[in-house]
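**Q** Whole structure, please, built from the sequences with the hints as guidance.
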Amino acid sequence: MFEKVLIANRGEIALRIHRACKEMGIRTVAVHSTADADAMHVRLADESVCIGPPRVTDSYLNKAAILSAATISGADAIHPGYGFLAENADFADMVEEHGFTFIGPSPQHLRLMGDKIKAKEAAAAAGLPVVPGSDGAVTSADDALAIAERLGYPVIVKASAGGGGRGMKLAMTKEELPGALKLASSEALAGFGNGEVYLEKYLLKPRHIEVQVIADSYGNACHLGERDCSLQRRHQKVVEEAPSPALNAELRAQIGKVATDAVKALGYRSVGTIEFLYEDGKFYFMEMNTRLQVEHPVTEMITGFDVVRQMVRIAAGAPLGYQQEAVQFRGHAIECRINAENPETFTPSPGRIGDYHPPGGLGVRVDSALYAGYKIPPYYDSMIAKLIVHGANRNECLMRLRRALDEYVIGGIETTIPLHQRLMAAPEFINGTYDIHWLERFVAKDV
Amino acid sequence: MFEKVLIANRGEIALRIHRACKEMGIRTVAVHSTADADAMHVRLADESVCIGPPRVTDSYLNKAAILSAATISGADAIHPGYGFLAENADFADMVEEHGFTFIGPSPQHLRLMGDKIKAKEAAAAAGLPVVPGSDGAVTSADDALAIAERLGYPVIVKASAGGGGRGMKLAMTKEELPGALKLASSEALAGFGNGEVYLEKYLLKPRHIEVQVIADSYGNACHLGERDCSLQRRHQKVVEEAPSPALNAELRAQIGKVATDAVKALGYRSVGTIEFLYEDGKFYFMEMNTRLQVEHPVTEMITGFDVVRQMVRIAAGAPLGYQQEAVQFRGHAIECRINAENPETFTPSPGRIGDYHPPGGLGVRVDSALYAGYKIPPYYDSMIAKLIVHGANRNECLMRLRRALDEYVIGGIETTIPLHQRLMAAPEFINGTYDIHWLERFVAKDV
Amino acid sequence: MKRENPTELNELVRTLADVLKETGLTEIEYGAGDWHVRVSKAATIAGPQMVAPASAPAAAAPSEAAAGELLANHPGVVVSPMVGIAYTLPEPGAAPFVQVGDRVASGDTLLLIEAMKVFNPIKAPRAGTVTRILATNGSPVEFGEPLMIIE
Amino acid sequence: MKRENPTELNELVRTLADVLKETGLTEIEYGAGDWHVRVSKAATIAGPQMVAPASAPAAAAPSEAAAGELLANHPGVVVSPMVGIAYTLPEPGAAPFVQVGDRVASGDTLLLIEAMKVFNPIKAPRAGTVTRILATNGSPVEFGEPLMIIE
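Chains as they are written, first to last, in my numbering: chain A, -3 to 443; chain B, -3 to 443; chain C, 60 to 210; chain D, 60 to 210.
Do not rely on the hints blindly, as some may be mistaken.
Ranges between beta-carbon positions, derived for each pair [stated by the list, open to error]:
id, chain 1, residue 1, chain 2, residue 2, range
1, C, P184, A, P374, 56 to 66 Å
2, D, P184, A, H94, 25 to 35 Å
3, B, K59, C, P184, 23 to 33 Å
4, A, G132, D, T168, 50 to 60 Å
5, B, G313, C, S198, 27 to 37 Å
These aren't lab readings, by the way, just hints derived from the structure by calculation.
Please read all numbers here as calculations on a predicted model, not as lab measurements.
In this text, a Cβ means the ideal position worked out from N, Cα and C, and glycines have one as well.
**A** Here it is as structure tokens:
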């Protein structure tokens, strides 16, 4: 096992990884920008290294600085968390070249799944059901129109190098397609330095359902069930739950097996998430996230598995040591992502935390790097806390979540707690009948 | 189900009950002394009633004030928590007479188990193994010597009306017995107004193992496994864990069945705890606690059952609705009771909380009514928080507990967190080889 | 400064307020150990503020509580010695025990509080004039709740 | 300052208020141990803020950090532009690049920082006299860590 792990991230996920390491008897090294000198992960880590100024390109994305920090601190391995360099294959290569272990998948898998077109081909080859679309990049409007005719409208134009909703344009009719193509391509060029785009059939009322997979270096793989992440705003997940209210046991076992078989076929190592759109009983592969997810705690709550611990074990060369039958699901879990934002306008609200009092008691988990008096820097992501609640069933979980939201005090700034309180009272959420478009309408007060 | 429950308690347990009620859609009424006007349970409750001055006899033990509070607030039921009036049969009678539901066992069972001699007789009749001892009260030194000869030394003299270690005296030899008898009897008379004492065989290195039972009004009963509460100081539990490191699956199932059968034979209703001494593979009934226990969360963590919710359901007349097979144990849980005391001298340390930051993350639960700026009144129990940690196995649980203790910040006062940190590093605790005397020696630095 | 000493606190707040005025500041916060004082002067909210230290995990009703505390500290206040229902009339339709402006002698019954089906007479602790009746006939009262002011 | 001394407090607040005015700050918070003072002035958000971290969930090393900050704020400080290993000698056994008391010209190499197996020369940003060398040969340095003071 590793002696010392460098955590190349910040905020709640740096703290999450720190906790897993401490619980495995591993020493931790925090790296941080000058803006994060007072951050919780820095305060709690065994050692810390300042790696640069607030700008992420000069600090959390600064590969050389992070590797130098690993060298001077004598770390064995680097955990990239999520975001930043987590899915950067070049970084993973460099980490290995410098003699450290990258706690994650192989650089080849990062590279493969980072290319949306190749990823889709690989997924299809590995037996995953995919959304019907163009076979590769679309270069002309004529090609696009022909392909769209075959798929049926609406269709969506996506950037090959894209992610997080950027470089995506919808065409409801053939009249809209040429414009959407052009706009998506130029956005992609500006945003990712690569204007390549492709076409996909657009599902009207799909859910976002993803399967958590885990595989070791010896070909053993399991799935840890699915998460329903359909509650999104601007392609950012807001609430996640497991199990999905839309699946029954049969569908769950079926998609779980399909995902696990694909992971084995791909020769994938580490934890990962296969994201699907789900509509009318059918799954369509969207992408594979080759990293720890923000929403991994809901899976932990219903399986009892410590996903981060498993990830570290696998990176250290340990075999899974269990089979699919060992994974048992118990109860229901929901995660609310709490952002430092106005709950109606979503304007960011950085600043100093006044009172801070997280909820406690049975079935309540808070993953947050906040503390009273902490000053949220304005440079980074606005997600400041995750409230994860477990209950014996979905209704108990919902009731517990409501009381936990009512107990949560984050003073001094605006947060999205009131949005979550409204959400937990919305009939569509209570009934579990939402799709990926519902939240946008809800925040726009259309529902 | 009840519409409104009055919580006749304070501190963390009042908050625990409030949370269970809110999660069941039940409105809550907090009662409080003038010293607790700012307490968390008062702040969070739907309604609150001040019932008296700080002295517990005038407030939390003031039956008339609590019943008046229930009347003026229009509550349906009263949850007594633990301590205070929880095992007071007269109070339970009054509650029912005034038309409220007492959330607990019947007054008859409270009365039976409140009398240590009758309780032991009833337990033996219900099939529970008991510590060999005198058949009832011992009145003369000659009787005592004869009985002790039969039991074998050491023997212990206990007050019939006693509890919490008061009125208990050990006699290692026959020379010590007459003095112990006299002392115990006069202490009992002074402390409980009843000088009656009895004799029991004294076990040299027993563990305290208790079985959580649950029964409805229709004769259905289950056990929720055992808790090992051997870590005690001055007969007060300090750390509890489940399952016990001393039992194997066979012993667990055996004592669980014995306890469940006894509960059925007694016609008991509500949750309860049957406490045993355990030595050399044998159990000896000590007493039955006819209430919610402080340490119920460790059972909740390994079974997934919400014990307080079950207790409320049963009081409202609901049947259990499940059988023993539905109770499945998962992983390991440990609870640390954190007191506002100097961790070496155990001098109470009331005062105002400065910084307050409870630990978070996977498997960590905090049950506490503390908050930053809260002033701990000097009138009540020094237990201010319970840290409960769950892990996939005992080792993972221990590692997690260590990191959680390291994260816990309670400023402004002294707490026993450092004692728990020392405990978690002690080989006897790590190996699980402790008995009920070990902690006394540990705090005296003899081990 | 002892935090329990209101005279010194008063002085401190006044001093800080003067400083605030002279310097044109909008806020001064000062704390030591388990207490602190913050004075602030905003465009709308004028005057010094004395703030109790300051963490509130739940939404309380501070203004209401503050009003209650003011009355509770009134030198002539009579507070409820028990939880129960207050009755200002001896029986329905009868004249009230006392009315605002009445002079009462020590020991005169001011009102009844029903607790556990027993009507407990609440007597005047001293002679004086009833200047305010806070209890309403038939309303619940808590322990320590101000019932009446006799000056 | 003794926290109980109102005269000193008065002075402190006035001093901070002057500082606030002169520097154009909007807020100064000042604390030590279990007390703190904050003065603020509502205006547009301008200027840097000096803030004492109020709440510390973990044991940090505030005094060390404070000392580092003092050096970091020294007008003549040269800080590390990267994470790496500092070398004050061009090669083992050689004479150091600079010594205390040396006069340096702008652009003179002060030391090397090895990062990613590359030795990066750190050059004097201005002419002056080396008054203090904080980096130790062969020791790791963080981003922003004070290396040397040139006055």
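**Q** None of the hints should be skipped; say for each whether it holds.
**A** Here is how each hint holds up against the structure:
1. P184/C - P374/A: 56 to 66 Å: Since the Cβ atoms of P184/C and P374/A sit about 60 Å apart, the hinted range of 56 to 66 Å holds.
2. P184/D - H94/A: 25 to 35 Å: holds (30 Å)
3. K59/B - P184/C: 23 to 33 Å: Once the Cβ atoms are compared, 26 Å apart, the range 23 to 33 Å for P184/C and K59/B holds.
4. G132/A - T168/D: 50 to 60 Å: holds (53 Å)
5. G313/B - S198/C: 27 to 37 Å: holds (33 Å)
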